[in-house]
Amino acid sequence: MAGAVLRAGAWPAVAGLTGVAAVAGGCGAAFPAAATMLLPVCFTLLAGAAAFTLDEPASLVVDVTPAGPARRTTIRAVALLAPLAAGALVMLAAALRGLALPWAAAGLALAGNVLLGFAAACVARTRTGEPGAAAGTAVVLVLMAPSLVPQVARWVRTFPAPGAGGPSSDPVWWTVLAVCVVAIAISAGGRSLPRWRASVVIPRRPGAVRLCRTGPGIEGYIPGTSLSAAATGPAGPAATPPACPRPAGTPGTAPARAARPASPTRYRRRLSYGRPQGLDQARRRP
Amino acid sequence: MTTALTPARPGATAGRATFAALAVRETRRFALNPVFLFAVAITAWTTWAGAGTTAADIDTVNSYPAIFLGGFGMMATYWLTRSMRASEPVAGVTPVTQPPRTAALCAVAIVPFACGGLALLAFLHFHPVGDPGYGAFSPSARVAVLVGQIVVPALGGPLLGVALGRWVRFPGAGFVLFLLLYGWVSLVTILSMSHPDSAPVAVLRLFAPFAFFTLHADSGAATAWRGSPWFFIGWQLALCAIAVLVALLRGAEGPVRARIIRALAIAGVAAVIMLVLAGTGGFTHAVTT
Chain A
45 MAGAVLRAGA
55 WPAVAGLTGV
65 AAVAGGCGAA
75 FPAAATMLLP
85 VCFTLLAGAA
95 AFTLDEPASL
105 VVDVTPAGPA
115 RRTTIRAVAL
125 LAPLAAGALV
135 MLAAALRGLA
145 LPWAAAGLAL
155 AGNVLLGFAA
165 ACVARTRTGE
175 PGAAAGTAVV
185 LVLMAPSLVP
195 QVARWVRTFP
205 APGAGGPSSD
215 PVWWTVLAVC
225 VVAIAISAGG
235 RSLPRWRASV
245 VIPRRPGAVR
255 LCRTGPGIEG
265 YIPGTSLSAA
275 ATGPAGPAAT
285 PPACPRPAGT
295 PGTAPARAAR
305 PASPTRYRRR
315 LSYGRPQGLD
325 QARRRP
Chain B
56 MTTALTPARP
66 GATAGRATFA
76 ALAVRETRRF
86 ALNPVFLFAV
96 AITAWTTWAG
106 AGTTAADIDT
116 VNSYPAIFLG
126 GFGMMATYWL
136 TRSMRASEPV
146 AGVTPVTQPP
156 RTAALCAVAI
166 VPFACGGLAL
176 LAFLHFHPVG
186 DPGYGAFSPS
196 ARVAVLVGQI
206 VVPALGGPLL
216 GVALGRWVRF
226 PGAGFVLFLL
236 LYGWVSLVTI
246 LSMSHPDSAP
256 VAVLRLFAPF
266 AFFTLHADSG
276 AATAWRGSPW
286 FFIGWQLALC
296 AIAVLVALLR
306 GAEGPVRARI
316 IRALAIAGVA
326 AVIMLVLAGT
336 GGFTHAVTT
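Residue numbers (our numbering), protein chains in the order written: chain A, 45 to 330; chain B, 56 to 344.
Label pairs and their calculated CB-CB ranges: (1) A272/B with A102/A: 49 to 59 Å; (2) V226/A with V331/B: 53 to 63 Å; (3) A96/B with R51/A: 38 to 48 Å; (4) R115/A with W103/B: 47 to 57 Å; (5) V331/B with A48/A: 47 to 57 Å; (6) T118/A with R224/B: 24 to 34 Å.
Some, not all, of what chain A presents toward chain B, calculated at C-beta under 7 Å: (7) A68; (8) A78; (9) T181; (10) V184; (11) L192.
To spell it out: a stretch of chain A is covered by chain B in this simulated footprint if at least three of its residues, at any positions, have a beta carbon under 8 Å from a beta carbon of chain B; those stretches are: (12) 57–63; (13) 79–92; (14) 193–204.
In case anyone wonders, no lab produced these hints; they're calculated from the structure. On a predicted model such as this, the values are computed, not experimentally measured, just so you know. Ideal placement from N, C-alpha and C gives every residue a C-beta, glycine not left out.
Generate the whole structure from the sequences, applying the supplied hints.
Right, here's the structure in full:
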């Protein structure tokens, strides 16, 4: 199952963004004077790549499979290794080029960027099947704010600058890491179906009842079989089979209708649920 | 004297009416886009906040309209263009073909262009052309620098977003291109700092939709780099034309497609000529005042 979940990921987007980030970071390593401008761009692109890891074009189907969101998210998190590895390679290349950066803080910033992108995707995934574009754009705008607006950089710094004054980026990233872990845990653990999808109710055929295997078997209500007598019993036709438990507020068969005395003819009609009504009639014709 | 009035073709009149209706609708959608509203608000704030800054900070302040009106405007029009992709099976069978709809999308660039014009006026109010921070450029060249840094990027960014939305399917292409352009401009600007007199580096610096023309030292001295601001505006306008034509090319058929391709070739040649003139024109070396 893990292989199938991983295969279904948005790998072109993740790999493409990671590649573009590697090129930007490589330019930063090649031109050390521009490293403080290009490495943040590289890390931001890696955060954008992480935001695409949870994209699921077939979410209409996948979201209702028995595999829970926590398990799917855990499997998809493997894809984060790509941006993390690319960022580590860029930092290694920059270090080999003699770039003087606080590497521990840079590594923390890399992890924070990637985890922020993933957390944004996790939160947005509870609403949509393909959160990559929206989450990625939001993360990019947030992460680039200190670079785009120097007034913001006076208060918050998202990339450790070598030997510069001003605020350190470490407290920002430790806080972001903690918040992201909580957000991922909440959104992956208690993720429900998106609202727009949960509101869709499949209408039931009029007159059909919900049959449950915990009650008397369906075959017990088919006259002419060996089980019909056992199901009917001495007191006449058995009561309506119990309806399966349903979430509150879901429209469906009315209890009053299910409690009506049953007759073999009615049950035969009801058991044709899912087939065209005319099929049984056509079958009865000589 | 007799005046003969020839009535316009009914088809052309109907086409113009359709285009106007579509343009108005798209413009309304764009003007209400949250990203664009945020861009306008932060551009106004940064322009106002930069009112009291020294001349050394001019280069910092005049890049905001390009970043927000141009860059964010590009992302907004990219989403605007992509938002119609889902309804293409329905919209595609209407009598209006894709090129007029693309042209209507391109028309929304008038809004950020007007905002850029207002930002230029505000900037000139707070930083008059006579300020020494503009370097050794003549007064007309100083205005050209500001037009190329404030007004034209506000026009070109949204047009680029429309072209991108018409041709690229990847949903994150808007922010990727924004980051790439930001990184490229940063890289070539830093290269120009270390090689201020190099002609190839000057061409590289101008090979972008936005370029800096001056460098301010902490001592207050302003260095004017190589390059002609007027030809740079020509290069930018050629890029705008290329963006529009590339966007219109999507869905064009028959003679319209041939005309667009021909115009695209002409615009490409004009862009190359303008870039060469911009790189070789102006000062022959960096001038510090």
